[in-house]
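Enquirer: Protein chains in written order, with my numbering: chain U, 1 to 792; chain D, 1001 to 1285; chain C, 2001 to 2166.
Worth flagging that the hints you see were computed from the coordinates, not collected in a lab.
Don't take every hint at face value.
[As the list claims (entries may be wrong)] Under the rule of at most 27 Å between Cα atoms (straight-line distance), these lysine-lysine pairs were calculated in the BS3-like manner:
| no. | chain 1 | residue 1 | chain 2 | residue 2 |
| --- | --- | --- | --- | --- |
| 1 | C | LYS2072 | U | LYS532 |
| 2 | U | LYS440 | U | LYS400 |
| 3 | U | LYS274 | C | LYS2151 |
| 4 | U | LYS172 | U | LYS130 |
| 5 | U | LYS172 | U | LYS400 |
Single-letter residue listing:
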Amino acid sequence: MATSSALGGSVRRREDPALIQGKGLYTDDYIPHGTAYVAFARSPYASATINSIDTSAAESADGVVAVFTADDVSHLGDLIAQVVVARGRPLMAGTKVKHVGEAVAMVVAESARQARDAVDLIDIDYDPHKAVIDMREAVKDEVLVHDDLESNTVVAWEAGPFGDEEAIAATKQTIADAKDRDDTVTVSIEAVNQRLIPVAIEPRSVVAEWDDGYQRFRVHTSSQVPHALMGAIKTTFGLNANQVHVTAPEVGGGFGVKLNVYNDEILTCFAAQKLDRPIKWTESRREAPGSSIQGRGWVGTATVVGTNDGEILGYELDVLSDMGAYEQNFTAAIPFLGLFVGSGQYKFPTHWKATCVFTNTMTTDAYRGAGRPEAAYYLERVIDAYAREIGVDPVEVRKKNFIDKFDEAVVSPIGFAIDTGDYSTNIDKLVEVSDYEALKAERDKAREEGRYVGIGVSAYCEVCGFAPTALSELGFSWATYGLPAGFYGTGLVRVNPDTSVTVITGTGPSGQGHQTSWAQLVSDRLGIPIEKIRVIHGDTEESPMGIGTFGSRSLAVDGAATFDAAERVARKAKNIAAHLLEASAEDIELDADGGHVVGSPDSTVPWDDIAAAAYLPHRLGESEIEGGLESHVVFDPPNATWPFGSHLAMVEVDAETGNVEILRYITVDDCGNVVNPMIVAGQVHGGITQGIGQAMFEEAVYDSDGNMLTGSLLDYPIPTAGDLPNFELSSTVTPTNINSLGAKGIGEAGTIGSAQTIVNAVVDALAPLGVKHVDMPLRPKRVWAAIQEARG
Amino acid sequence: MYPRSFDYVAPNTLAEAFNALGDNCKVMAGGMSLIPLMKMRLFTPGVVVDIGNLPDMDQITDEGDHIKVGALVRHGTTASDGLIAANAQALATAAALTGDVQVRNRGTTCGALAHADIAADQPAGALAADAVMVVESAGGSREVAASDFFVDSLTSACGPQEILTHIKIPKAGEDEGSAYDKLGRRGGHSDYAVAGAAAWVKKSNGSIEAARVALTGVGTKPQLAESVAEALVGTDGSDAAIEAAAQHAVDGVVVLEDLYGSEEYKTHLAKVYVGRAIKQAIANV
Amino acid sequence: MEVSMTVNGREVSADVEPRTLLVHFLREELRLTGTHVGCETGYCGACTVHVDGQAIKSCTMLAVQANGSEVKTIEGLASNGDLHPVQEGFWERHGLQCGFCTPGMIMSATALLDENSNPSEDEIRHGIEGNLCRCTGYHNIVRAVEYAGAKMRGEDPPPPDWEGAE
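Please model the entire structure based on the sequences and the hints provided.
Expert: This is the structure:
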């Protein structure tokens, strides 16, 4: 087993032994003595007035402890969210329901079965109203989701570049002028980027305990942002931060669905306090469409205008984005995250507009990529269509329009500074490793045989590693949760008196391997082997104020903070060693054994002695070195990170049935320096797969009354092993200069790069038939219909 | 996730089972269809009669002129059994394409037939194989032809107080072949059928002497496509003859639109898979 | 109803409601929480255990149906502290991320290798179709099963395929 602790080593994961033996503790595995269980009665209507709620039968049912409705919790206010532009979510619906699945009553019972049984006994009288489900209808404001608001439109994000009205007008004019020229080509695609259900395999779960003696909450939850929940609880219940202890133990997949503070978490706390006993709620898969956020949900038009030889003169995007019925943590900010990368890695003028609209559906929010996959999808689809229109190779068109290589920040046409980039080198490598020319020859040969084989290429530049704290000016911080903390990183490294190391980070993984990568970072600085390093995460009481795990930010922000903290501890350890050896600190190097004078192997002070001196500070004598051996670093990077890459897919379509098979999937990603290549490869694999899931299988479908038709895994097919090829990964390395690691985020890149790659490939396969676009998911029915339409 | 309460009996003999079968009962073999419905609270019988303990029902046996498949034969066994492969390849393939490994380890062929899901695989295989369903109750035993067994969506001819104790599959001659193919909901062969077809042919002197073709996933029930068979019989089984016959795939079928396909698409797919199944059946002779 | 079975070699019995699913019996009654619940429809496979040597979904089986059976869960897979080769394969080839699907996935993979000691990649992929993973894209799960298969056959496992693999 490889245990090389060096950065860049594929150290096998420290978290795995527990998980492969069934010993990991997920929230639902935690069953404190005396636990009572919650089940919710949920609205069957997308829009209705609640006339009455009769809970009497439920209250007297076997095992029922209590039944609560909105009246019982009205004193707690609405669910707190990071940013609410127009309307947040009530904890429970009181007089009106706004989407199917909205919580209306809450049963607490001795067992989960009894709670569920009692839900069936609650009698709720509704007066249903006309609902608006399709955002294209909602934007007309003929039916209002909230009849006390003037419009369903929450906000419209416009850029070109962002924040400069005059410049935006000029950009629009530039693009209009380009379109008017005789020697240009204008290509538009109207496309749906469909709503998705995140489907972390672990359903959400929360266990709340109230300590009435010390007036404290202790909460286990399946969350990517335990600190935000801690803030929401303390604010909602009028407590201090130090009276709320939130722990996210093992989290069984996040992908954004757990990047939220939920009403069920607050309500479970309410019941725990009210009933003074541990309370658990665990989501069932089929209630998730009413209880957990969904993702994507855009529709609109992307347009490119360019010359006949591939120089793009302007790009426009005009989309609607479906917010659902209420805003939660990031809801209306998701399209804004797309806007950040609205012009991608390109240099052409861009006018970008996303209008955010309420509908009578479940709230949308962050799902892996969160705005960036949507933005990349439209951009890369329409560039591909343009390349096809002018008959220039799609790789060439992209290269022609890339921003040239840079290693100091450049401002993109959309108005944001990108840290570092080298896009042409990246796509050149894709051409090389895929043997692109040979693939094209293979495709052309297949075409001659009457087969429909296609190659799709796309490139992306995304933004992640969310920082700096100055983003709080745009609303990005946990301030509304009563915790005015921005998107910084935090890392605490402590060498204990016995020379073991405790590392505490402000993020919490849901599979990303922090226990391993963070141990590598610290081991790299201290020389202490990773076996002696323990990483604590996802715990609001142990950790300094943390922000959480989302937006591929953990390593680039909190990891970098941890690395810097380890460096400070290393410096101190060197000072101590120098003191004990009567040498100069500059001459000391650290390794597993302790501190050595460079070039004098006999001059060694073991770690035991360094630690002992730190914790028996009288041994430090007159050195002015303080006792203890730990450091806590708060790292506020100057920018987020901007990874990029190029993807290629080769597919074959059965034109008779519309069935798509992926033959090859090849990527070249660039996330800067890599701490653990094994973990990075895993992130890319999983990311690609979620993009393929969107491209080929997944779609959250509501009927016109707002009923979710795809609420179970029976009707919402996520990819299985049999649906996928092996992935062929390569990389280029363009380090960022915004953190000491040179590392950029990689958690979402695969998803951001993949959906359009598959669609581009399928359109390429069907190009001989005249197909120009097929909306996702590329279910056989849709591909077949596109073929029929093209054939006339 | 939590079923409503119900009573449960697990008889050890067929007689006990019949005894237990009163009003509001449901027979359960593997439970792969029933338990999810109960968990979703879409259906809860008063009494679940678990026939899992009944003796000698998990066998596939050669009965001379037919093959007997007992009520507790799992999909996985049907898929891999030599007798089934030799005599009803369409059913074997349909069983192999049913669910996933875990489902095939628990679910039973007879259970899938009695459940009569409109998009299940094995009903088509059983129809093509001209299987005979042996339905028993306290009142005795009766035999139902496969073509009469599938009544409607989730409704078979097996009544609530009856048990499909076994099916009888006619032995196949050397000049016969059968096959099953489908487009799954996930694409390829995965998951329930968007459209699937099973075909059986008997060849004689280079032409098709007899044929049976069955559809699943397309209409209101798994059913025979009789006009396809009629059109095929007497032809040479050439690609052109198959394609011509396949055009009749949905004659008399009410094609249902769902999330996975429009009426037009499913009509088209029915023809495609009827054609593919026939071609493979001929190849399997 | 009284139900008795052998779980991981231990005789257990309890009085349960007929509606108790095997997975709830394992998790709540026996506190064997390594077996997970990920869906309601029997699709995700996180609850996969072995009953009488075969992989089954314990969320789609009543506890009373397992009366008299031999049940093996993820907790019973390692023997005397030695990881099963499939567990080792998942560790060595990064076959897991969040770990939630992993116990079920491992139970399916062990059953697959018990039946077919040298499966092709296609057989592995289709053999684990009843187990959904949202993290790994299955690429490394397939590598993990290949690793375990090689180990169980006494062969050297193929090397890892990530960049710079050692």
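Enquirer: Determine for every hint whether it applies to the structure shown.
Expert: Going through the hints against the structure:
no.	hint	in the structure
1	C/LYS2072 / U/LYS532	violated (33 Å)
2	U/LYS440 / U/LYS400	holds (20 Å)
3	U/LYS274 / C/LYS2151	violated (55 Å)
4	U/LYS172 / U/LYS130	violated (38 Å)
5	U/LYS172 / U/LYS400	holds (22 Å)
In the structure shown, a violation is registered for the earlier hints numbered 1, 3 and 4, in ascending order.
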